[in-house]
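K.L.:
Chains as they are written, first to last, in the numbering used here: chain H, 1 to 354; chain Z, 1 to 399; chain A, 1 to 249; chain E, 1 to 306.
To be clear, the hints were calculated from the coordinates, so they are not data collected in a lab. Computed from a predicted model, the values in this text were never measured in an experiment. A hint or two may mislead.
[What the hints assert, rightly or not] Which stretches of chain E does chain Z cover? Using the computed rule of at least three CB atoms under 8 angstroms from a CB of chain Z, they are:
id, region
1, 1-12
2, 33-41
3, 161-168
4, 216-228
5, 260-269
Glycine is no exception: its CB is placed at the ideal position from the N, C-alpha and C atoms.
Chain residues, written in single-letter form:
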Amino acid sequence: MNIDLGATLVALMTFFGIAALMALSLNLEYGIAGVPNFGQAVFVSIGAYTTAITYTRLLPLLAGKEVIWPCGPTLGPALQLRSEIMRSYPGAGFLNLAITLVIAALVSGLVGYFVSRIALRLQQEWFLALVLLVGGETVRIFVRSYEPVICANNGVSGVAQPFAWLGNPQLSSILFMLLVLSVAALTWVYCERLVRSPFGRLLKALRENAAVTRSLGKDVALARARVMLIGSVIAAIAGVFFVLNTGYISSNDFVVTLTLDIWVMVVLGGLGNNRGALLGALVITILDRLTAIATIQMNMSAIDLEFNYVRYILYGIILLLMLRYRPQGILPEPARTTNAHDLLTDPAPHVADS
Amino acid sequence: MNCRRLIAVLLVLSLSPVFASGAQDNVTLGVVMPFTGALGSFGSDFVRGVELAVAQMNAELEAAGSATRFVTASADTEGTPDGSARAVQTVVQTTGANVIVGPLTTSEVLGAKQYADENGVVLVAPASSGPAGGIPGDNIFRVMYPPDTFSAKAYARIAVTRGYQNVAILNLDDPYGNGLADRFQIEFAAAGGGSTTRITYTPDPPDLSGEIARLSADVASLSESGETAVLCVCFLGDAQKALQLALVDPLLGTVDWIGNEAMTAPELLEDASVSAFLQNADFVTVGAYSTETPLAARFAESFAEHFGNPPGPFTNYAFDAANIAMLSILAAGNDGAAVKSILPFISGHYIGTTVQGLLDDNGDQAIAWYSIYQINADGNDFESVGLYNGSADSLELDG
Amino acid sequence: MLQIRDLTRSFGGLRAVDGVSFDVGDGQVTGLIGPNGSGKSTLLNLIAGQLHPDTGSIHFGGQDITRSSPDAINRLGLARGYQDPALFFQMSVLDNTLLPAREQLGESPWHAPWHARWRGQEQHNAARADTLLERLQLRDLFDRRASDLSGGQMKLLDIGRSLSGEPSMLLLDEPTAGVAPKLAREIFQHIATLNREAALSFLIVEHRLDILFDFVDQVIVLHMGKVLAAGKPDDIVKDVRVREVYFGL
Amino acid sequence: MPPALLITSLVHSIQVGSLYALMALGITLTMRVIRLPNFAHAEFVTTGAFTALVVSLFLSRSPVVILGLATLSGALVALSSHLLVFRPMSRRKLSTYSMLLVSFAVGLILRYVLFVLSDYYQLFDKRIQIPLQILVRESYLVLTNITFTIVPVSIACVIALALLLGRTALGREMRALASNPELAHILGMRVERIRSLTWLLTGATAGLAGALWGLYTFVNPLLGWLAILPVFAAAILGGLSSFAGTILGAYLVAFCENTLMQALNHYTGLTFSFKAAIPFVIIILVLLLRPQGLTGFVRRSGDLER
């Protein structure tokens, strides 16, 4: 078999960067703050749908062209136009990407913020999980039934990644991978800093006992809304890269299974540990690619077993085994997660008793 | 013109550079099809069509003393556009394939388009016919099965010829179903038809009861202004669900039904009550061109010999597509850009199981012949009762 | 400091708190006693804002807090402790103590990623927490997870954590429950010290009357949701009704 | 709205409502007694449907045998997932969300095992082999033997379950466990036995519901999964506490999905693609506006539960 190792690695790392963003987002929300976001797919999809709208409506304007309705009979010409712009107007492409990221982050952040605010009305805690789960499906059904967003079931194709104009697929995919990985790295640093700050301490307190945290004078609702806002922004950015990577936006991607995949990454890696989230994302990405390659191998060696089904069974078994034997994950949350301890071991701030 | 002779000619042409360079190589032919999901059984059958073509080609190559052998690498699209994009990516990156047979549906084709165009990968799609996929200059070739701009005309002609004033449409809400239904409405109006109504259903519907009840109401209101028929543009499984509900509907059994090519399947008639219902509804479908070249019989025979069961519907198209892809690779080498430029030529000179693979500017099949099918007297299979020539817009019905 | 007037709260048909009124003065230590089911815990929850009364009013420091949320009440300077120490068991002793500190810049996600903005304040808070832990003899354990502490230490940390928010009054629910007698007395000595030095007021629900009566300024006896008696510890001990219902004499 | 449309959609509402009621009761029971929002319930249903299909293909076409074996298979799958997964897991004292994830995982595994099996044996989208007969045909009203199986069997099963819970010792014990597990332990009830019986009972109703569902449409591995969210909607609408509420919720969701959807389509042109969203919108609205459900006996908001 003739594996293109370089390209496989680039694709793997790009996937990993995107998965890492999703996992970091959920780790912040559930791992650290204990908000059971079973609607991750919605926030990722907000990034995707924003991309669909900007690439079909805004991109032609930025390149000084007339907008062609992206769906129905004009689907072909609109797609041609997009590809042409992405090939010959790199400036418009980058500007469009920047605007997409900003809009996606804003919309998703606001949705996350308000969902969390509204969800406080819910009486039993797990109702929140259910509302988010079901809310995700509702958004998806709406988008796939209402043409103007992503042409309903058709989806939007031809959302090229921003380096497509280079005309060299290897180089442009490497550059895109670097872009995704650097955004993921920045996000990781940001999340680590959050976790080690008093904000992180507040979130962990919230996770352990929200009622007590509240009685200690903390605005629990606000903290929850804020962490949902940040998590949602990260998820939306992941969503933008997700669709740029496949080049296609379809409502089929943002089903409950996507949310479940992200949960598996975080639980596998270690709830409450950002490194764990990254590790979980890496393991799942590799597993995903390996099973994909294995499927091809099996087809080539004429084994008549549909490995794509087996893949989901594997997911389920891994998740069960993890929850059973290592509920804290591969890399459990460290006991010391804030920097305060360093302050105390440091003799300087030890002031005299009053 | 015979396929083998063409192969022989091409071999002489193409193998000389291979020998000259001394390369002895396995060339990977990618296959991207839905193996899971609602269309899974189609995909598995299509892969067998491709494997048969590859086995035959390899035998010929060996007999001719060539060192080249084809191997297939197949990946699952899960029947979705995004799954298709990922499958193409995986096959290309992990096997070095530059030419891929597949995917199946138009939405899957459009899903993989971005990656294929960007990375110079050629997709040879055997059965995609949605008008939305007709884009000039891209890396997608839809050989053998003509685009639905033609079949829509066939449906319109049938409806008008049979004297239906109105048509109630039930169609799949995807680029294929919508494309065909859109075109049908235009062509039906142009051919002098009356009113049409449309109900679209979401892919993989768990239950079509609402849609069928609505269809019945549409039929009721359309019938007031003249004879009405139902046009069902559905995948086979969905059609079966729809028909089960139609069986007990007081109205839907009283009008005629027209079906799309996916409904030209004997499985549909396994249920005796459905078979009776459709016979009573004067059921007619527009399907794949049934007149077979000598290759078709050989294909069916060797397929049955190889896999122990007869080929499924459209499997011969996968066989043809694989042959076109392999011949193009033999002629131009395993290189996307080269294959892209030579494929229309090779395809145009390839006589497949039904027709020659002449392509238009969009890289789509240009010969648009369809057979018109009705249920046979035994009620267990379909038989061809006529022919529609899309290029000439002529409909001939037997008897 | 704390004025409670005609407070009533029912659960279903049961009147858990029934027309309770009393005051806690500035710098006073008040004991709240009564048999099981007399409504003490409900009363505490009502004051802390975890429950809201059906009728009546609660004023704290001149402000009406009858329907305020627990966090708002805490921010006004009325903190509460828990009977079963409701610590953040997965967090360290120090983090538990630091959490309630007020106006933390680093608690806003906008400042949180930038160390420099909140490091100074955190150092200041850590120094205060250090003093507090020292006083409660928990200084050496600052790095431990709260779940690793002994029962008595947990009680102390619970008090320490409440204090770290710099309240002016503390509600304590059986601070010595399940604690050895020696430590129980120590806990009350801490309370007395805090009351003396920091002018903190206390409202303490307690079963150990022997210790409690040595440290409080005022005792309120609750029975069947009503105030049975209120007054100085010596008077309460002599009160016939209290002896009847409470001591069974 | 044309009368034909109204009558047909009402018949569908009643059929689907009966099926939803049967499934939602299982969900409610697990939720109350086991305290688990059990998503694997979907796959217990699917297992029942497949059992019914296989029995009807190879063993017997008698409805009693088909439904009986399907019920049995649901009960067995539920009990074995309890013994193999849920019971060991619950000893780990996982949070509700982790348990929800566990039930997701169990469902995922079962679902794809069914996928592999039906792929291997070519069982996709087959019908349970009970021939369709039209029993009543009165102008717009058409009723088949399927309707006359689904509706009475579901209702009988629901009534039987209600009697079991209301009138028997086991039912009393289950209710006690539901309302106060600690007390049930202290009172020396055989909690483990009651839990196992609860799983057996929910599994049995799920298996039966699956077979009936398979009669109504086609059998495929996604059958239960596609129905589980509307069923949760029904259960929540009923307040997750009372049987009457759950049944009411189930018929209401079915009514909205069928008759209301039909009306919306007729008067506003809303396409049927939105149909699946209707119960979800209901769940969200109910949870936000009236968290105690239709008949809720849950405590007032703003109290300790927060």
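K.L.:
So, for every hint listed, does it hold in this structure?
P.N.:
Hints and how they fare:
1. 1-12: holds (count 6)
2. 33-41: Contact hint for the region 33-41 of chain E vs chain Z: violated, 0 residues under 8 angstroms.
3. 161-168: violated (count 0)
4. 216-228: Answer holds; 7 residues pass the 8 angstroms Cβ test.
5. 260-269: holds (count 4)
Hint check: violations occur at hints 2 and 3; the rest are consistent with the structure.
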